[in-house]
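Protein chains in written order, with my numbering: chain A, 1 to 458; chain B, 1 to 458; chain C, 1 to 458; chain D, 1 to 458.
Calculated directly from the structure, the hints in this document are not laboratory data. Any given hint might turn out to be false.
Identical copies carry no separate label here, and so any pair may be met within one copy or between two of them.
[As the list claims (entries may be wrong)] Taking lysine-lysine pairs in the BS3-like style, the calculated list, with each CA pair at most 25 Å apart, reads:
1. Lys424 / Lys104
2. Lys6 / Lys104
3. Lys196 / Lys277
4. Lys412 / Lys424
5. Lys334 / Lys171
6. Lys171 / Lys196
7. Lys6 / Lys277
8. Lys356 / Lys412
9. Lys139 / Lys422
10. Lys139 / Lys412
11. Lys27 / Lys329
Number of protein chains: 4
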Amino acid sequence: MGVVIKNGTLVTALDQWVNDVRCEDGKIVEIGPNIEASSGNEVVDASGQYVFPGGIDPHVHMELPFMGTVSADDFETGTAAGVAGGTTTIIDFVIPQRDEDMMKALKWWHEKAEKSVADYAFHMAVTWWGDKTAEWMRKCIDEEGIPSFKTFMAYRGAIGVFDDELINIMKTAAQLQGLVTVHAEHGDQVVEMQNKLFGEGHTSPKYHARSRPTPVEGEATERAAQLARLNGVPLYVVHVTCQESIEAISRARLRGETVWGETCPQYLLLDDSVYDKPDFEGAAYVMSPPIRPLGHQEPLWAALKAGTLHCLATDHCPFNQVGQKDMGKDDFRKIPNGAAGIEHRLALMYTYGVGKGWLTLNEFVDVTSTRAAKIFGMYPRKGALMVGSDADLVVWDPEATGTISASTHHHKVDRNIFEGFKVKGLASHVVVDGRIQYRNGDLKVERGAGRYIERSRS
Amino acid sequence: MGVVIKNGTLVTALDQWVNDVRCEDGKIVEIGPNIEASSGNEVVDASGQYVFPGGIDPHVHMELPFMGTVSADDFETGTAAGVAGGTTTIIDFVIPQRDEDMMKALKWWHEKAEKSVADYAFHMAVTWWGDKTAEWMRKCIDEEGIPSFKTFMAYRGAIGVFDDELINIMKTAAQLQGLVTVHAEHGDQVVEMQNKLFGEGHTSPKYHARSRPTPVEGEATERAAQLARLNGVPLYVVHVTCQESIEAISRARLRGETVWGETCPQYLLLDDSVYDKPDFEGAAYVMSPPIRPLGHQEPLWAALKAGTLHCLATDHCPFNQVGQKDMGKDDFRKIPNGAAGIEHRLALMYTYGVGKGWLTLNEFVDVTSTRAAKIFGMYPRKGALMVGSDADLVVWDPEATGTISASTHHHKVDRNIFEGFKVKGLASHVVVDGRIQYRNGDLKVERGAGRYIERSRS
Amino acid sequence: MGVVIKNGTLVTALDQWVNDVRCEDGKIVEIGPNIEASSGNEVVDASGQYVFPGGIDPHVHMELPFMGTVSADDFETGTAAGVAGGTTTIIDFVIPQRDEDMMKALKWWHEKAEKSVADYAFHMAVTWWGDKTAEWMRKCIDEEGIPSFKTFMAYRGAIGVFDDELINIMKTAAQLQGLVTVHAEHGDQVVEMQNKLFGEGHTSPKYHARSRPTPVEGEATERAAQLARLNGVPLYVVHVTCQESIEAISRARLRGETVWGETCPQYLLLDDSVYDKPDFEGAAYVMSPPIRPLGHQEPLWAALKAGTLHCLATDHCPFNQVGQKDMGKDDFRKIPNGAAGIEHRLALMYTYGVGKGWLTLNEFVDVTSTRAAKIFGMYPRKGALMVGSDADLVVWDPEATGTISASTHHHKVDRNIFEGFKVKGLASHVVVDGRIQYRNGDLKVERGAGRYIERSRS
Amino acid sequence: MGVVIKNGTLVTALDQWVNDVRCEDGKIVEIGPNIEASSGNEVVDASGQYVFPGGIDPHVHMELPFMGTVSADDFETGTAAGVAGGTTTIIDFVIPQRDEDMMKALKWWHEKAEKSVADYAFHMAVTWWGDKTAEWMRKCIDEEGIPSFKTFMAYRGAIGVFDDELINIMKTAAQLQGLVTVHAEHGDQVVEMQNKLFGEGHTSPKYHARSRPTPVEGEATERAAQLARLNGVPLYVVHVTCQESIEAISRARLRGETVWGETCPQYLLLDDSVYDKPDFEGAAYVMSPPIRPLGHQEPLWAALKAGTLHCLATDHCPFNQVGQKDMGKDDFRKIPNGAAGIEHRLALMYTYGVGKGWLTLNEFVDVTSTRAAKIFGMYPRKGALMVGSDADLVVWDPEATGTISASTHHHKVDRNIFEGFKVKGLASHVVVDGRIQYRNGDLKVERGAGRYIERSRS
């Protein structure tokens with residue numbers, strides 16, 4: 001079998017050059033000029049197109065049980081939508097309930113993920129601290145290929161941890177040379193404001209946003225950074241959305257700390273006027289942290305450009321308007337939090353990041369793929385165009401155009417928060433594990449073809 | 001009876017002018033030129049001297065049960081030492097134990113304080129949240145003259161509160177138009193570091209400082225400011241010691257928040273080399289927050305000058321080296337936290353603040369007296385030189401010199417953390433409630449003469 | 001003669017209390033309860049009203065020759081408009097031309113100012129550096145009562161100074177213990193942008209604002225603060241308008257520097273949409289710095305509240321739309337810079353500052369009067385309610401309402417940049433030098449009654 | 001001939017992998033496993049060693065006429081010392097005198113540089129603005145391969161430019177899509193302080209440092225960044241030394257500006273106690289900006305790690321103690337500014353940067369080579385390990401140790417500012433243009449073998 005991609009402009013986080021690439025048995029086996037296709041090789045003419053390492057989305061939730069329902073994309077449909085958009089590897093989160101056995105939850109996640117069409121890895125959420133937690137964390141790193149631990153400062157009373165638990169997690173991760181990732185919102189304050197607003201008779205989606213304004217996130221980001229500093233652990237802040245969090249991360253980095261920041265297309269491209277949509281349509285945008293007021297988007301782009309933020313994820317976690325989001329019709333607190341995005345990440349970033357001059361092509365590859373691979377211990381198996389790397393590749397047509405819509409997307413959900421967004425730049429071919437699974441709009445994936453990726457310490 | 005002070009230079013937070021002052025029946029009854037002393041009036045010639053409103057120390061702990069012992073100055077000796085140094089009003093803290101009835105604790109504090117030689121008021125510490133707490137807080141303000149509530153983010157497991165409790169306190173204080181004051185240190189992180197250091201075999205006093213470095217305080221100050229912002233309550237941060245806390249307060253104020261900051265002479269004048277003293281003498285300096293490394297003192301002075309910090313208190317809370325501090329001989333965690341200072345506050349501030357050009361005379365009066373009176377609802381009864389104000393006055397000899405020592409101080413404790421400090425500028429006479437109680441080194445006070453001051457909302 | 005004000009609530013920068021005030025021979029001679037009016041005394045019943053020290057506007061330009069014309073209010077009409085609004089003292093700027101004899105310019109300003117109806121002082125602008133400049137500066141302080149020197153970083157090629165000149169001015173002022181005030185805009189960059197925009201065919205008023213955006217001011221503020229620091233001189237930054245300048249001032253103050261900041265009602269209350277007015281009406285708002293985009297007004301209020309800005313001036317410098325502003329009909333660079341405001345300063349500040357909760361009454365008095373008196377060496381003759389102070393007083397009716405309009409204002413100019421603004425709180429009586437010159441809308445002033453005020457070092 | 005390097009660990013700014021490298025005709029012609037050496041190929045066994053792209057020093061001054069003398073290393077000795085330390089490309093600065101023809105100066109620099117032993121490029125200093133300057137700048141980019149322009153805000157009266165000149169340079173560079181680099185110190189203020197200190201009788205080297213303290217640099221960095229922002233040009237700040245400059249750069253980057261920062265080993269590793277050396281030895285450390293007080297070194301390391309600073313240069317510009325530095329024996333203002341460093345850049349950075357954990361190996365390659373190649377338009381000819389790149393390579397022995405000394409260095413100067421510094425990690429072999437010119441301590445270079453490198457826009 002095998003695939004030969006001819007005459008493309010290869011782009012890595014560092015370089016850009018014209019070459020051919022041969023993939024065999026799921027690996028890149030040759031990069032060079034004038035590679036002759038063997039018989040049986042499929043040949044892609046990539047003239048005038050870019051070849052990127054396959055996208056890595058380090059923040060997704062497939063079939064997540066959450067707020068009394070389950071997120072709408074399962075591992076099959078979710079990874080398939082990713083492939084359609086050029087993302088060939090995801091990192092999902094194993095999320096045990098409070099008091100649940102971490103290893104048992106991991107087992108269940110493995111079962112759910114088996115149907116993935118592309119490769120997947122896991123972060124482990126540490127949602128409570130018990131006698132066995134440190135040992136479980138050790139096992140995750142030493143035996144399960146999971147060196148990154150997710151913590152929630154939000155979601156008090158559910159999967160959120162108390163500060164003393166967070167400290168134990170950080171301390172343990174530091175000893176194990178692992179990484180801590182954090183959802184930074186002050187959980188107690190959110191609960192307080194939710195109940196206050198609801199008590200005042202405010203029930204509609206926009207009060208979701210009002211119940212968790214930017215200081216809620218800025219404070220928690222500062223706190224997480226200071227605790228990570230004091231406990232000697234590297235920190236990765238997921239879905240950064242606002243100026244105050246950027247400043248907290250910048251302060252930490254200028255003190256010499258290892259603090260990474262992630263943001264998502266919705267925070268770069270939308271503003272909180274979305275919550276004013278009539279007919280409960282604002283519910284589609286209910287996620288945590290929420291979409292922010294105008295004035296935060298440009299600082300986020302600037303922070304990506306400046307290297308204060310590092311990865312572009314989606315927090316893909318869709319819920320249908322009908323049957324899921326409408327559980328919170330009369331109470332914004334009950335609207336399941338999350339939206340879809342995995343399919344559009346690269347196209348949006350290319351169009352509005354590279355296209356508007358915020359990012360170079362190298363930086364585009366870095367934030368959508370390479371940096372995540374490095375931070376999370378999959379490099380250079382993933383995120384690289386090197387002989388020996390996994391044959392996950394995107395052939396990118398910079399001139400292709402499209403319009404995002406729920407009516408055409410591959411997400412298994414009834415709304416799209418980027419409905420109507422124009423994009424210029426789309427994948428023409430996507431190679432997954434050495435096989436072309438997407439060709440000019442035609443998605444052919446294989447249920448269960450995806451493999452679990454064990455990660456190392458970064 | 002009565003007192004007439006002649007020819008002094010009166011100094012307020014705003015003005016400076018030469019005039020005479022007559023005090024009768026505990027009040028200032030006349031300010032003007034050429035006041036004739038009536039028969040029975042005692043006359044003080046204040047030529048060449050300043051007349052200040054009596055000092056107010058808004059942060060002291062007399063006979064505080066703490067860490068298994070009781071602070072060494074009781075209300076009599078502590079207020080007497082204050083008078084000797086020009087401080088005529090204190091605000092002490094009622095500190096209920098977790099689960100204790102706030103009103104019962106208040107009653108006990110009233111009993112303890114009756115022996116005071118000068119006027120006193122109370123802050124109420126809210127050390128836990130229960131069903132009755134909101135109602136107790138209302139009573140404090142409406143019936144007990146206590147509109148300010150102290151919260152501890154440190155001292156986890158004892159009098160420290162959790163963030164959800166802090167939010168409830170702030171929310172309630174906001175509704176009642178009260179003020180929240182905060183001891184800002186991350187309690188859980190301190191416990192973690194204390195145990196870690198002790199576990200590594202570190203037992204001596206300097207590890208007290210190492211277990212609560214500046215980020216512990218900076219983080220908590222930021223958190224307190226953000227929570228106060230979100231809950232709509234004015235905030236007063238006690239004993240600010242470091243650059244990071246100053247920056248957090250400055251950020252809050254430039255956002256438009258009402259956030260006040262307090263510091264103490266020990267943080268302005270000492271550095272953490274004190275913990276290297278041999279023979280367990282470092283224990284004398286064990287307090288929380290601890291004395292900071294070189295580099296924080298000048299920013300604190302600058303912040304006072306800039307108006308980012310506002311009050312100068314002492315956190316007076318002495319423990320004897322013999323019999324108290326030595327409880328922690330083998331474990332720094334058991335050294336009672338605190339030191340004496342009430343007697344020297346004005347002299348140190350005058351010598352090193354006014355004398356070094358950091359503060360004008362008006363600012364000196366402001367930070368040592370007037371601002372506390374205003375913030376804490378005692379103005380213009382206290383902190384002012386106005387007809388009708390309480391006759392609490394200090395006649396200040398700017399040329400008098402002295403050397404601070406445990407062998408000469410009026411504190412009832414065996415060490416002085418300012419031992420050997422030279423001062424220039426000392427009280428020559430102190431008028432308390434219209435009576436001269438200190439005359440050129442001669443302290444004559446009356447047990448029980450002090451009155452409880454009910455305060456209003458500021 | 002004489003005036004007795006009865007039952008008013010006296011408000012100073014520090015205090016608030018009910019008392020009577022007697023003025024004789026241009027001085028406050030008595031403050032106390034139940035003052036009996038002598039025969040010949042005029043009595044004002046101030047029950048339910050405030051009594052403030054007369055307003056001080058530290059930044060005005062009367063009959064200033066500027067940009068080929070002369071500002072529309074002369075010293076008579078300008079000071080009269082001030083009195084109508086409660087401002088009883090101005091500080092105008094003597095502005096020599098480049099190479100002009102400073103002392104000659106001063107003489108001319110004295111001649112122009114003689115017709116003032118209320119007291120006036122001068123800042124001296126140092127617009128070039130020559131052999132005699134240091135000696136002239138010495139004379140200003142020692143002989144002329146002018147201890148403050150204005151420098152322009154803008155207006156390159158005219159009255160703007162080069163940095164080496166600014167350094168000489170600062171160094172000399174430091175030696176003389178004077179104060180440097182600065183108009184902070186990067187002059188060369190403004191010229192560059194003006195010419196660029198004009199060269200691109202942009203001629204209308206809004207390009208005035210675009211040619212001097214906030215970084216032009218922020219940069220210069222930082223530079224001025226750093227140079228003042230290095231040359232050891234206190235600095236006063238006039239008309240601060242934007243976030244970046246506030247931050248530069250805050251940084252300087254937190255380093256311990258003496259840096260004061262001033263802002264004006266137009267920067268607190270208007271945004272740059274004013275430049276979009278049709279029919280060249282935007283020209284009325286052409287001033288330097290220009291009115292800023294939305295987003296800067298709240299930070300300015302917050303900075304006033306926080307004490308990072310200190311004085312509220314007007315930069316009063318009106319030009320008529322017809323015959324003056326229209327000189328720049330075809331070239332925004334030729335629109336005379338400036339607008340009127342002296343009459344409305346107190347009413348706007350009271351309505352939008354005190355009324356909206358940004359300032360306490362004491363702070364209102366401080367920023368509109370007392371602080372300027374202190375910084376600029378007129379205290380307590382001006383800015384105070386003390387026996388012996390000048391009898392400049394405002395009786396303020398907090399319930400009076402009005403609407404600002406060019407059709408009713410006392411400014412001698414055909415437009416009002418606050419046209420249509422509602423105010424609540426207006427002067428009912430204004431006492432100037434012991435004489436009531438404004439009574440409930442009736443302005444009776446005396447040409448030439450104003451006196452030159454010699455100022456001291458602060 | 002050709003060279004084959006076997007079994008080394010190749011390290012780029014992105015990757016690290018074991019491979020062989022073949023160089024022929026000055027180019028890298030093959031990278032892969034098991035490369036067979038042809039006859040005539042020299043083979044280097046790099047087992048256990050790293051292979052880096054040759055170092056690029058973007059800031060050196062060879063045989064620079066300066067302050068009445070000429071810097072001690074000429075292009076031959078200077079580039080040779082570079083080769084000995086692993087630096088195979090330099091960027092020197094053509095520095096016309098004020099009013100001198102830029103093209104004439106360029107011609108002279110070309111003549112001087114012909115004797116270089118390794119490749120060299122030029123920045124063009126724009127030291128004055130005249131009618132022809134814009135055209136000269138165009139020629140530099142379009143015809144001479146020089147797209148970067150150096151400006152001096154220091155050195156007022158000599159090669160320093162005024163702000164209006166700087167603006168013209170920036171505007172022109174923006175139009176030409178060039179880059180502006182800046183030496184950021186406030187020239188006028190330095191002159192003022194130099195003369196003040198000298199006038200007070202201070203003549204020794206340490207007053208050089210006192211005459212240009214950190215605010216002098218911080219201010220200028222802020223100003224340069226703001227002017228670059230307003231004129232739309234990317235900016236590169238050379239030799240950043242202090243916290244305030246880092247903060248100015250960070251602010252600019254977080255606004256979205258393209259601002260790069262460079263620092264040098266001396267600022268990372270030395271503190272200003274060097275100026276206290278007896279016998280005029282402090283003169284060896286006289287450079288501008290000067291070595292800074294303790295407290296700035298760690299922030300510089302942190303800023304490199306954080307990506308707020310980007311390149312590591314040397315500002316190599318040595319002067320002999322005897323015969324050159326001693327020109328300023330009696331006047332610190334006359335000590336020629338500069339010191340040697342090109343030979344030790346990689347070893348110091350490896351030892352103290354990689355060795356202490358501040359930088360990863362990839363980051364080490366980035367800051368010492370790749371980033372400069374990219375910013376300055378030489379990538380991937382220089383700074384890369386790619387087929388087709390110039391065969392400039394360093395084989396690096398991470399276990400080799402040494403001690404820096406003037407008695408052993410290859411710089412042609414009698415002092416070494418790193419005298420006695422231990423290093424671990426040294427070049428074992430250096431390949432220049434495909435030829436091994438340094439082998440285990442044996443330096444064999446060829447006068448005139450270096451070529452002029454024309455650079456493109458980045």
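Notebook entry, point to check: Should Lys139 paired with Lys422 be assigned to within, between, both, or neither, using CA atoms and 25 Å as the limit?
Noted result: neither (45 Å within a copy, 41 Å between copies)
Notebook entry, point to check: For Lys412 vs Lys424, is the C-alpha pair at or below 25 Å within one copy, between two copies, both, or neither?
Noted result: within (23 Å within a copy, 57 Å between copies)
Item checked: Copy assignment of Lys196 with Lys277, given that the CA separation must stay at most 25 Å -> Cα proximity of Lys196 and Lys277: one copy only (23 Å, versus 43 Å across).
Item checked: Intra- versus inter-subunit Cα pairing at 25 Å for Lys6 with Lys104 -> Classified as neither: same-chain Cα gap 46 Å, cross-chain 48 Å, threshold 25 Å.
Check: What label fits Lys356 with Lys412 when the C-alpha limit is 25 Å: within, between, both, or neither?
Finding: neither (30 Å within a copy, 49 Å between copies)
Next item on the list: Go through the copies and call it for Lys334 and Lys171: within, between, both or neither, with a Cα cutoff of 25 Å.
Entry: Between copies, since 24 Å is at most 25 Å while 34 Å is not.
Checklist line | Same-copy or cross-copy closeness of Lys139 to Lys412 [CA-CA at most 25 Å] | finding: Neither, since 34 Å and 57 Å both go past 25 Å.
Next item on the list: Evaluate Lys6 and Lys277 at a C-alpha cut-off of 25 Å and name the case that applies: within, between, both or neither.
Entry: neither (47 Å within a copy, 59 Å between copies)
Note to self: Treating 25 Å as the Cα threshold, decide for Lys27 and Lys329: within, between, both or neither.
What the structure shows: Answer is neither: 49 Å inside a copy and 65 Å across each miss the 25 Å cutoff.
Check: How would you classify Lys424 and Lys104 at a CA-CA limit of 25 Å: within, between, both, or neither?
Finding: neither (44 Å within a copy, 48 Å between copies)
Next item on the list: At 25 Å max between alpha carbons, let me know whether Lys171 reaches Lys196 within a copy, between copies, both or neither.
Entry: between (35 Å within a copy, 10 Å between copies)
Hints 1, 2, 7, 8, 9, 10, 11 from the earlier list are contradicted by this structure; the remaining hints agree with it.
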